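A.B. asks: Sequence:
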Amino acid sequence: MSKANPVGIGKHPYFGWLVNDNDANEKQTAYEIIVATTAARLAKGDADCWSSGRVTSSQQNYVFFTGSPLQAFTRYYWKVRTWDKDGNVSAYSDMQQFDTGPFADADWQGSKWISRTTSDKDDYTYFRKAITTADKPIAKAIVYMSAAHSYELYINGKQLAKGSVHHYPQYQYYHAYDVSNDITKGKVQQLAVLTHWYGGGQGRAVNKRGLLLKLVIDYADGTQAVVGSDGSWKQHQAEQFITGLKSRNGEGVGFIDKMDARKMISNWSGVGYNDSDWQAAVEEGAPPVAPWVNPLQSDLARLIEKEITPKSITRLKNGSYIIDLGKIYAGVPRIRFANGKAGDTVVMRGGFVLNEDGAVSATLDQNTNLEYSFVLNGKEAVFQPMVYLGIRYLQVSSSPVPLTTENVQFVTRHYELDPTQSEFYSSDDMLNLVWELMKHSLLVGAQEGFVDTPTREKGTFLGDGWSEAVPAMSVTYDRVMSDRVLKEFLQSQDQYWPDGRLNSVYPNVDGKRDIPDYTQAFLVWVWDYYMQTGNTDFLQENYTRLVKVAEYVASCRDAQTGLITRLAGGSGPYLYGIVDWPQVMRYGYDMNAEARTVMNAYAYTDFTIISHIAGVLGKATDVAAYAAKAADIKTAMNTLLLNKEGVYHDGLLAGGQPSSHVSQHANIFPYAMGIVPDAQKESVASEIVRQKMSVGMVCLRYLPEAVGLADKGEHLINLYTNTEWDGWAKNIKQGATVTWEAWDADVRNESMCHPWGAVGLLAMQQYMLGVTAAKPQYEEVQVKPLDFGNRLQKAQGKIPTDRGVIQIAWQRKEHVYDMQLTLPVNMSGAVFVPAGAGSDNLVEVNGKKVQGERQGRYIRLANIGSGTYQFKRVL
1 MSKANPVGIG KHPYFGWLVN DNDANEKQTA YEIIVATTAA RLAKGDADCW
51 SSGRVTSSQQ NYVFFTGSPL QAFTRYYWKV RTWDKDGNVS AYSDMQQFDT
101 GPFADADWQG SKWISRTTSD KDDYTYFRKA ITTADKPIAK AIVYMSAAHS
151 YELYINGKQL AKGSVHHYPQ YQYYHAYDVS NDITKGKVQQ LAVLTHWYGG
201 GQGRAVNKRG LLLKLVIDYA DGTQAVVGSD GSWKQHQAEQ FITGLKSRNG
251 EGVGFIDKMD ARKMISNWSG VGYNDSDWQA AVEEGAPPVA PWVNPLQSDL
301 ARLIEKEITP KSITRLKNGS YIIDLGKIYA GVPRIRFANG KAGDTVVMRG
351 GFVLNEDGAV SATLDQNTNL EYSFVLNGKE AVFQPMVYLG IRYLQVSSSP
401 VPLTTENVQF VTRHYELDPT QSEFYSSDDM LNLVWELMKH SLLVGAQEGF
451 VDTPTREKGT FLGDGWSEAV PAMSVTYDRV MSDRVLKEFL QSQDQYWPDG
501 RLNSVYPNVD GKRDIPDYTQ AFLVWVWDYY MQTGNTDFLQ ENYTRLVKVA
551 EYVASCRDAQ TGLITRLAGG SGPYLYGIVD WPQVMRYGYD MNAEARTVMN
601 AYAYTDFTII SHIAGVLGKA TDVAAYAAKA ADIKTAMNTL LLNKEGVYHD
651 GLLAGGQPSS HVSQHANIFP YAMGIVPDAQ KESVASEIVR QKMSVGMVCL
701 RYLPEAVGLA DKGEHLINLY TNTEWDGWAK NIKQGATVTW EAWDADVRNE
751 SMCHPWGAVG LLAMQQYMLG VTAAKPQYEE VQVKPLDFGN RLQKAQGKIP
801 TDRGVIQIAW QRKEHVYDMQ LTLPVNMSGA VFVPAGAGSD NLVEVNGKKV
851 QGERQGRYIR LANIGSGTYQ FKRVL
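Numbering (the UniProt record's numbering), first residue to last: 1 to 875.
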């Protein structure tokens, strides 16, 4: 989501706002932003930092600052006013503020990277520093900090923040926290940090253990105090975290957690703790120092934790307890033990399913050791590990006390996606459950990046990340995470791929690693991001890199066939492209094909997107060049990849012969991407319908998209709700609470906590609620719920946008169709309603009959502006 009054902003901030206007059919025609260095100046209209002047534009987010250079560690104040369609100017908005962070290495003056000398592969370290504040009013206090890999920040014994930096050190992030309400004037203040470094893994670069911190205190009299991390800080091993244990698996997700309550230090983070036997922190050096050789980047994404109570706690005959969270969450258990014999060990095991005897299954575990253990101290002690996992069940053996909801909690975590931003409800109970399954899955996957799973790998794989990030934008109104992760993948191109490819997972411990069609999918993600946000600056800044992706694809075009052939990259089962995954989810796709239909459809879309981006940026030559490349691919596909039955086969084999296999993959891509000739649309659509659900999650987005574009509404509902077909509904019937890695994950020990299946949320918004962005930032929308006949009687929901919330509710009775729609100010669009059996094109709009335009089975009403509308059509 966008940030209100953010701290730690870079030197090029952008602004956004919502327009309040009760008039119907209202537009913003211009805006003016003013920025000042003090609240008093802003109140007087003294824009001593920047005035945009009156700018003729409807844009209301991603309006970038272009004033005088900002200063680091400075608070600025701003407000905005707008003009409506009649030229009337609004009052200024309420005052807002933002605080910049460090821009350059020199801004960290007074702070040094510090560490504890150790060779532990699993390094938990405490750091402490006591300061005394001046006895005068504090205006503000902000902590700027970074660590590898994870940290917890405390002031005076109170935990104020948690964060992690898993990126490569040359791209190191910092986070900023406003601690003004936690610093007291004229008293000793205890700063404390717990860090955890644990080497590399999927989604986590090795980096180097270290902590960097700068606290800037501004007093009301204009003076300032700065406290930095350096050798005056004390450090000590957090010995309750037992090190030297085995890795949970071979993917680097971490080591088996074992904690020793006897070694816990009470009040280590508080004032008055005697740290005289602690050692001085080791100074690694001031920025820039290897490996942190570049200025640190600001990361505005923040972790959200919530303590939940288990759904149930059951005691088995053998005395162990089964804790059921009700569904899979990412997080850590928090259990308060008491009594017992000091030195005795409580053993725990997480999991996803239960055996027939009620115990947690140790076989369906994603090939990951999910054990924990806790050495008791004979008194009360709390077990709460630092490294999260995704689990539903926890089995606890040898507990010294009965376990109840009074002493057992689970601390869930995700980065700040907001599930309340959107809604969906329909007349179909299973459809509602599918929506909730996918929506919950988004939260589970929103960790350091959009991870494939919070259990087995914890890596932002490009295919998984794209499948999660795109619905996260329209379902949870994410902006910050998507922007950051997109830029990270572009950094992977800088780091590893001069030919234009992107890493398949990044950051990671594997180094250079790609999957060709993941690179192809990246441009689709970029265009989705642009249509949601209208962030033209992102396109401008990264245009050269985006073009390199398209040129990488073009370099594998066969001169004779005109098709993309043996798309360079990948290895083993990913050679020339993954198509789908796990391999069984290919449903027989002919991997012997060298000019694969899926990769060629991606190529058409990649070239089309670059042509569109070039158009946005005013690059006319590139518009024509890439449109021509797209047209050539389309012609070649429809000449060589359509068989005599009018459907697409899987591609051309080594000698140019067509594959004999017709997959659903090979047909949904051309249909969803607008490649299919009109004459073959019905045959291709029929083949797609015939194969029901015959794709896995890598290609899943395009199945409901193709079915929706083909206007097969009843079949679309079946895809989402049929419990006998592969799909979400079948998995729910089987007990899924997060989407799976594969539709049959439960029988092959694949991941039962794999959020990429949440990509199905897109079609629910696009075809069931019917809302699609027709222009960037939802300046114009298309509202076209499909006609589902008797398969769905009603649906309602809301969708967040940068211009406000779209609300829609429709109901289809036997002879009447009703729709209620609210579009926010500064938005307009076209609305479609089913035509039914009537021959006229009349639709009742707010009680008045309006003539529409017949388009297929629907009547289109153009130029619907902001406001609330009631549409009615007699069927």
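Accuracy of the hints is not assured; some may be wrong.
To be verified - Derived SDA-like pairs (lysine to any residue); straight-line CA-CA distance at most 20 Å:
hint	residue 1	residue 2
1	K258	A342
2	K85	D818
3	K327	T363
4	K11	D537
5	K11	K85
6	K311	R336
7	K185	I256
8	K733	E356
9	K11	D48
10	K258	V411
11	K872	D818
12	K187	S68
13	K234	A342
Bear in mind the hints are in silico, worked out from the structure with no lab data behind them.
What you are looking at is a predicted structure, and each value in this text was computed from that prediction instead of being measured.
A.B. asks: Now look at each hint and say whether the structure bears it out.
C.D. replies: Status of the hints after comparison with the structure:
At roughly 15 Å between alpha-carbon atoms, K258 and A342 fall within 20 Å of each other, so this suggested pair holds. Taken as a hint, the K85 and D818 pair is broken in the structure, with Cα atoms around 30 Å apart against an allowance of 20 Å. Distance restraint check for K327 and T363: the Cα-Cα separation of roughly 19 Å lies within the 20 Å cut-off, and the hinted pair is therefore satisfied. With a C-alpha separation of about 14 Å, the suggested pair K11 and D537 falls inside the 20 Å cut-off, and the hint holds.
The straight-line distance between the Cα atoms of K11 and K85 is roughly 33 Å, outside the 20 Å bound, and the hint therefore fails. With a C-alpha separation of about 17 Å, the suggested pair K311 and R336 falls inside the 20 Å cut-off, and the hint holds. With a C-alpha separation of about 43 Å, the suggested pairing of K185 with I256 is violated against the 20 Å cut-off. A threshold of 20 Å between alpha carbons decides the hint, and for K733 with E356 the separation of about 17 Å falls inside it, so the pair holds.
With a C-alpha separation of about 17 Å, the suggested pairing of K11 with D48 holds against the 20 Å cut-off. Of the supplied pair hints, the one linking K258 and V411 holds, its CA atoms being roughly 18 Å apart against a limit of 20 Å. Of the supplied pair hints, the one linking K872 and D818 holds, its CA atoms being roughly 5 Å apart against a limit of 20 Å. Between K187 and S68, the direct Cα distance comes to roughly 38 Å. Violation of the 20 Å bound is thereby established for this hinted pair.
For a cut-off of 20 Å, the pair hint linking K234 to A342 is broken: about 29 Å separates their Cα positions.
This entry does not satisfy hints 2, 5, 7, 12, 13, going by the numbered hints stated previously.
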